[in-house]
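Number of protein chains: 2
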Amino acid sequence: MTEMRPPLDGIRVVDLTRVLAGPFCTMLLGDMGAEVIKVEGHEGDPVRRQGTLKDGLSWYFAAFNRNKKSVVIDLKTDAGKELLARLIETADVLVDNYRPGVLAKMGFGAERLAELNPQLVTCNVNGYGSTGPYVDRPAFDFVVQAMSGFMSVTGAEDQPPMRTGLPITDLVAGLYAAFGVVNALHARRHNGRGQHVDSAMANGILSLMAYLASEHFATGQLPPRTGNDHPLVAPYGLFTASDGEVAVAPSNDTVLRRFLRAIELEHLLDDPRFSTNEARFPRRAELRALIDARMRTESQAHWIEVLNRAGVPSGKVQDLAEVFADPQVRAQEMVIDVARAGAAPVRMLGFPVKLSQTPCTVRLPAPELGEHDDEILGPLRRA
Amino acid sequence: MTEMRPPLDGIRVVDLTRVLAGPFCTMLLGDMGAEVIKVEGHEGDPVRRQGTLKDGLSWYFAAFNRNKKSVVIDLKTDAGKELLARLIETADVLVDNYRPGVLAKMGFGAERLAELNPQLVTCNVNGYGSTGPYVDRPAFDFVVQAMSGFMSVTGAEDQPPMRTGLPITDLVAGLYAAFGVVNALHARRHNGRGQHVDSAMANGILSLMAYLASEHFATGQLPPRTGNDHPLVAPYGLFTASDGEVAVAPSNDTVLRRFLRAIELEHLLDDPRFSTNEARFPRRAELRALIDARMRTESQAHWIEVLNRAGVPSGKVQDLAEVFADPQVRAQEMVIDVARAGAAPVRMLGFPVKLSQTPCTVRLPAPELGEHDDEILGPLRRA
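Protein chains in written order, with this note's numbering: chain A, 1390 to 1772; chain B, 1390 to 1772.
Mixed in with the good hints, there may be bad ones.
[Stated by the list, open to error] Once the Cα atoms are required to be at most 25 Å apart in a straight line, the calculated SDA-like pairs of lysine to any residue come out as:
hint	chain 1	residue 1	chain 2	residue 2
1	B	1458	B	1766
2	A	1443	B	1641
3	B	1443	A	1697
4	A	1443	B	1666
[Said to hold, decoys possible] Here chain B is said to cover these stretches of chain A; the calculated rule only asks that three of the stretch's residues, wherever they fall, bring their Cβ under 8 Å from a Cβ of chain B:
hint	stretch
5	1409 to 1422
6	1437 to 1443
7	1479 to 1486
8	1516 to 1529
9	1588 to 1599
10	1691 to 1703
Hints were generated in silico from the structure; no laboratory data involved. Note that CB positions come from ideal geometry on N, CA and C, so glycine has one too.
I would like the entire structure built from these sequences, with the hints used as guidance.
In C-alpha cells, the structure reads:
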C-alpha cells in the first residue's frame, strides 16, 4: 500500500504576505505539508524585527514562519517581477495580503496570473473584502474589532465596549483563507483549474456572531453586554473558592442540578425562589452569595475536580504562565521547542488540529532572509 | 472544458453533531458543496427549540443548519446502529462532537469504522483533546475561555479578566475541524485512505495567542490587560469626535505621521515631549487630550472618511444593528435572506470565504426533522 503523505505534500505555495493574517494562513498550509516559499524584499518581513529577539531571532517571527522557505526578490524591479512570474509558473497557490487591487497594479492581475498558470489558486487576505465602499481602506485588527460588532458584545454591563488583546480578526481571516485555499485545491480534481479565494478580516469575525446575529435578525434587539455573566441563565459565571475564583457553566437544568448536588445545595431547587430560571434570574445576586458561602469552604482545585467529575463544566481563569504549565496543554503538545543551531531552542505553540496518520510536524524552522535563494531561484534563473 | 463544481461536490458527510461547534463545522463543509446528512434522534438537535422561533422555526437552528439534510435514527437501538453502519459505508466523512471515546462505546470505534469504510475521514470536535488528564471533562465555551488564557488578555487594566459574548472557542474549533477534514480528504488522493481529525476547543483558541504567546515564551512575562489601549504604542485606541468615538490604530511611525498630519497636529512630532514613542507613551493621557480637542471639532463620519483616505485605519464602534446596516457588510453579502414556503424569509449571516468560480450558495434551507428519511435511508433499508 502507498504510504500516507501529508495532505498538502507536493503543493507549492508562493507567499507574498507580511506580518500576521497572511503569514498565519501560509503557516497553516505549511504545517499541513505544503512547500511555502516566502518572498521577501531586501528589508525582509517587518516581523523579523518585531517582538523580543533572542540570539538575533524574533520569536514572534519564528512562530509564524515555521515550515517556510525564504527567497529575496525585489518586486520594484522588472527583473524581480520577471523572476516572480517564473516562480508562479511552478506553483499551485499564490497568497498575498496587499490591499485588493495592489497585486494587479504590480502587473499580476487575474488575467495575467491565469495565463502564467491556469491551475493556480490565488488568495488575497484583506481587511474588508475586494468589493464595496471600503475596498481601499487600510485595515487593522483593533478597528475591525470595533466595526464588526465584536466589541459591542464584549465587556461589563455598565462599561463601554471592549476589544480582546488577541489579534482575533487577523487570525480568523488567516484561518478562513487557509480553509478556502485547501477547498480550491480540492476543487481542482474536477477540471484542473484554479480560482481566486478572498478572505476578509471583517467577514471572518462577523461570521462568528453566531446566535447573537440570529437573535438580532429574529427580534431586532441588540444583545446586551453582560461581562462574565450569562445574559439569560443563573447561576452561571465566576464563583469564589477559598483560594480564588472558579468558572462554572451550568447551561441547562440537568447540568444545574448536577452542580447544586455536587455543592450540596440541591435543596435550593425545591425552594420556589430558586426552582425555575425565571425565578432565579432576578435573584441571581442572592443565589450567588449562597453558592459562594458554600464554595469558600474548599479550594479551587477541589471544586474543579468535584464539578467536572459530576459532569459540570468548570475550570480556573488562567494566565499564560498557568496555561502553558497546565498538564492538559502539555499532554496535547501545544507547547513545542524547535531546535536552533548554536542557540537555545525556540519555544512556540503546537498544532491545533491533530491528524492521526499525517500529524503536523516542524519540517523546517523559520528561515533566514533569503536562505533558499539558490535552491528555489537558482533553477529559474538558469532556465 | 469540464465545468467547475463546488469544492466538496460529491462528498457525503454523516453528521452526528449537536448544538454549536460540530454543526458549525458541518455547515462550513455543506457551504463548500458537501452533502451533509444530519443524523438526529426522535427529539432532534436541542437547538431546534432554542432562541427565538418564528413560524415554528428557530432562526438560530436555521442559520447553523443550512445546506444539510436531516434523517432520524435512534442510536440507542441495535436497528438504529445497524442503519448508521450502512449509512457510514456510503460516506466520505463522519463528524461527531461527543466527548472522546463515546462513539467507540456506542460500537463505532476506530477499528470498526475502518472496516466499514477504509476511505472514511472521521472527525471529533471536543473540549480538551482526546488524550491527557482532562479527556473526560465536559467542556463549555465560557470555561474554555477562562482556562485558555483568552480572558486573561481581555478587559480593562484595573478590572478582572473578561470573556467575550461570542462562543468563540466553539466556533474556532468548528472552523479548525472543517479545515482538518478538507485536508484529510485532500490527502486521500495519495492512497485513498481516510484518517482521524481531532479538533479541541482549548487547542483552537490557544493557537490564536499569537505574539502574546511568543513574547511570553521569550521573556517569561505576562501580557498586561490594557482595555482598548495598545500595551506599547501611543497614541492608539478610541478618540472623541463631536458625536461619538472613533477607533484609530496608528501602529507604526509612518501611519502615526499620516494620522497627526490629517488632524493638523503633525507639529507635535517636532516637540521633544512627543517625538518618539518612548517619550509619548508615559504622556499618553496628555496626548489624547490634545487629539480629542482637535477631533471634537468634527463628526465621526468626517474623521473616518478623512483618516482612511490618508491611509490611517479608522472606524466606529458599531452595535449589531449598525453592523448589518453598514454598506460594506451589505456589499459583501454578509446578510442573506433564505426563502421559506408560507413564511417570511429567514435572515442569516452570509459566507465569509469568497471563491471566484464556485461561490458558496444556500442549496438547501435548514431541514425539518427527518425530512430526508426516505431519500437517504430508503435505499439503505431496501438494500
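Hint numbers the structure violates, sorted upward? Per hint list: 3 and 7 violated.
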